[in-house]
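*Asks:* What follows is the residue order along each chain.
2 protein chains.
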Amino acid sequence: MTEVQHMKWWGWGVEGVGFHWEDKPAFAPFVAEAVGLDLHTAPVVSMPDFDKLTVAPSLADPAFVGALASIVGEDNVTTDKMERVVHCYGKSIRDLIRIRTNRIERTPDVVVYPADEAEVQKVVDAAVAADAVIIPFGAGSNIASSLEPRSDESRVVLSLDMGRMRELISIDEQSGLAVIQAGALGPDLEEQLNARGWTIGHFPDSFTHSSLGGWIATRSSGMQSDKYGDIADIVRGLRVVRPSGPGRSGILVIRPIPSSSTGPSVREMIVGSEGRLGIITEATVQVHRTPARRDVYGYFFPNWEAGTAAMQEIAESDAHPSITRISDSRETGFSLATSSERHGFDKFAAETVLPTLMKSKRWNLDDICLSFIGFEGEEKYAKRQKKLVDKIVKKHGGMGVGKGPGVLYDQKKFDTPYLRDFLLDRGAAGDVSESAMPWSKVNQLHDAVGAAADKAFDEIGIKGWLMSHLSHSYHSGACLYFTFSFVFGDDPIGEYNVVKSAIQQAFIDNGGSLSHHHGVGLEHAPWLEQDISPEGVAVMRGLFEAVDPGENFNPRKIVMDIKEPAKAG
Amino acid sequence: MTEVQHMKWWGWGVEGVGFHWEDKPAFAPFVAEAVGLDLHTAPVVSMPDFDKLTVAPSLADPAFVGALASIVGEDNVTTDKMERVVHCYGKSIRDLIRIRTNRIERTPDVVVYPADEAEVQKVVDAAVAADAVIIPFGAGSNIASSLEPRSDESRVVLSLDMGRMRELISIDEQSGLAVIQAGALGPDLEEQLNARGWTIGHFPDSFTHSSLGGWIATRSSGMQSDKYGDIADIVRGLRVVRPSGPGRSGILVIRPIPSSSTGPSVREMIVGSEGRLGIITEATVQVHRTPARRDVYGYFFPNWEAGTAAMQEIAESDAHPSITRISDSRETGFSLATSSERHGFDKFAAETVLPTLMKSKRWNLDDICLSFIGFEGEEKYAKRQKKLVDKIVKKHGGMGVGKGPGVLYDQKKFDTPYLRDFLLDRGAAGDVSESAMPWSKVNQLHDAVGAAADKAFDEIGIKGWLMSHLSHSYHSGACLYFTFSFVFGDDPIGEYNVVKSAIQQAFIDNGGSLSHHHGVGLEHAPWLEQDISPEGVAVMRGLFEAVDPGENFNPRKIVMDIKEPAKAG
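Residue numbers (the numbering used here), protein chains in the order written: chain G, 585 to 1153; chain Y, 585 to 1153.
Hint data in this document are derived by calculation from the structure and do not stem from the laboratory. Please note that the accuracy of each hint is not assured.
Treat identical chains as interchangeable: a pair holds within one or across any two.
As the list claims (entries may be wrong) - List of simulated lysine-lysine pairs, PhoX-like, C-alpha gap at most 25 Å:
#1 K978 to K964
#2 K996 to K811
#3 K970 to K996
#4 K978 to K967
#5 K706 to K996
Whenever a hint applies, use it, and build me the whole structure from the sequences.
*Replies:* Set out below in structure tokens:
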């Protein structure tokens, strides 16, 4: 069978890796305080039993599967139960709960692994000819329900896994542009680039388990976006497979142009399209020489307002850091609680010197906020930028604590998603939601989301926890990233929906977007009209209907209510 | 009648302003050498006679005009001949020649000046109900034939002039965002912003005679885009009027979000839409505090290759100049030839010291290239940036010549378009064409366009001139801006078409876009499929057809061949 590796069918990441708390002395007390869960006594559920999963038989008939096999080879097409389960969901908390509770609503009927663009074209044409549904699959880390078939889909559903198309094809070294296949995962492409002295500079939390094509299809953003831009900025050229026809190539080609005046941007239609406009097979992306210096420094601020004011002033200043990030007091508490046990001078510095210093400044230790600022570039330049930033931090009453916390942040940054499985194992749910908004709305939205979440926790009668950080600074605003958690009751998904909906509505009501970099899928689609206005959705719907009249390409994602009621048969 | 001022009906800019050569001693010899035109003896044609213009009667019947008057008031709707002529073309050389030679193919039938968004909505609804065509009009400086009605249009054509909607509505000072009406011209909005300490940082050559709505509708870019971004980056929020209906507001609203993950970008569909998706009435744009320092420095390079290599290294470096611009040797010659007569030390420095210095460096004076680099920001920062740039310039064999030429450039930057009328008065055509491309293609495309233009000039048997500059630097590429001129023969437009087509085809064939910031209109539409691929155009066509099924909004612009043959009656 195919050589493509997948994440655990029931959780995040690879087998054998998980979150551990035993070496983090402050973690158990923190969790007890935050959501009332006693890690020492909480029963731990074991991994679900795959054999007990109820999965409907594949609707793909042997002739169709055979036709696909004749395109990609027998080894690269399958109706195997495990493969169909792996491809039916992403990794949102809703997805994980459904998998763990044997609620497989609809799997794809057949999974196909094409080797190249020509095979993708043939698979697409065969699928459209058979009136099948095609859902592209990158690495499966989506958390907006962009990957699941409609539960009522009566047509054959084909999951098009891009995992065999992961090569760095070429680098235009003179232009800082690299051509990369869409199925390349973060580590794939970054290792291939690094080996030649380049970096893409795109590091979302999902980096290890997400693909270039997925980043583009969901409008991803990485933690160093302040310097490198969002994926919408990074991707310049695209190749997208759409149905071909007599005398008509199905390949949509956007050439790598730095900026152009060619009408409504088709490039910016493909970006964020979640499979609805075709299959992204290849992209030309901006790459940068790996910087001489890359350092992340830690800072503390006495409170959230001082910290966000500093972040904004840094964004507006002549400094150009690669990361500007600040946690609110709750997330700061969480970060401190997930530190490994310290010893010797480290312990003394972190647990005695620092708190004493803060108290001497009359800081309230419950209000302190931890910030990370990243600097990249030539040695001299990075130093100068830091000097500018240090001055602004000081002006807002903050203080630097050196590179130690930054190194820790850098090491841990891709591990956070494992925490969700750890919590689920112990009866608690945790998930994330993010929004972008103008600077003038940052504090208001932060507080409003807190109030909305509290109200939602009250409504479901559960002790909940919400924390957040600001990251991804722009000239006119930033992203707020919220993490929420609660010990669930009888109806985990229902309870999750109450909390998630309250948070999303607070985003919209306070001038934020429904998402900053996680996409729309089914999960955020209910807020799209409120975000971009009914007329904005009408324009988008018009595009989808015109370009995919047969609703073969990941239908009902982003805009849900096309041609209701759902097509039958 | 309306208080809205327009450019000359027959040319660029305001009455009484024009290009003068008498105070520029090097200009006449330069023109003689370049295109074989003797300014001392060339007959000067006078301004065309308005009364002799052949203009078909308006198709708008009194009932329709009356209905419009009941919306905007009698004073703000007109079928007056002058008004219809003013609104029938933009200011491309084709437009100017047609106006001068009494070739008014099709004017709008009625011109309407709404006062606010509510009036725009009513006008749009009335026009759609009457199956009229609506063409939005900003300030009329378009050079891509985006404003003219189809010559075979048999329906009533309404020109919707936004000239009364030019207010700065509000500034969100905390976010650096300003809400501005779409009809505001460059000077309108910049003066209102400057008065409060802000700037939009968007300065296209057309600045004095172009509007915010026009910039957005054509994907404009200003000369300081290296720092402030293209208009696509600057505009965050939008209000666009589309047809309303029962229970359906026609207002499409994109809220000002710094970056979001909401599917295909509707904002990026409106940007560049040239009126095809609706009428842009208002935008929220990024604004910046007026910088403490703003200086433009001049540099000379021994040749084009050295200069473009320096521009790229500057763009890649840790310096962040606001302008990076370099003229090729021909445009450098042109710039030097348009300098006013120098006296005293200036004359000695420019005409004796500088050439001597260049010769001592073994530079060939026919190859030298003049560059302008702009620096903005805090005093210390601007100085540091300049130091970084100076180092790069030196490495590539260039030399700085101080602020003098930059001041001159700054003063003259908006006057260049007047030169076209000056040349037309004397029987010569001059126009521009620009493209963006990866850095690796810059020199190749520059040379290929030169060869293509030479071939075209040969083909029409005319001595022609082509010059260019690189401006608008990005991480992965830049814009090349070409100006061409020739003394025309019997068929000015036919001759222009040969040269223009050769240049456009060379753009595409050498990895460039059909335009960087002038839009598509009718003028560049023939190259759209080659630029964004037939399938890319199919997607765009699908969008237009879905969103404007009646073809009421500036039909056939950008994508020409919708539902051919043209609709009749």
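*Asks:* It remains to establish, for every hint, whether it holds in the given structure.
*Replies:* Hints versus structure:
1. K978 to K964: Both. Shortest intra-copy (21 Å) and inter-copy (19 Å) distances satisfy the 25 Å Cα cut-off.
2. K996 to K811: within (21 Å within a copy, 34 Å between copies)
3. K970 to K996: Result: close within a single copy only, 23 Å intra versus 39 Å inter.
4. K978 to K967: both (16 Å within a copy, 24 Å between copies)
5. K706 to K996: Neither: 42 Å inside a copy, 57 Å across copies.
The structure shown violates just one earlier hint, number 5.
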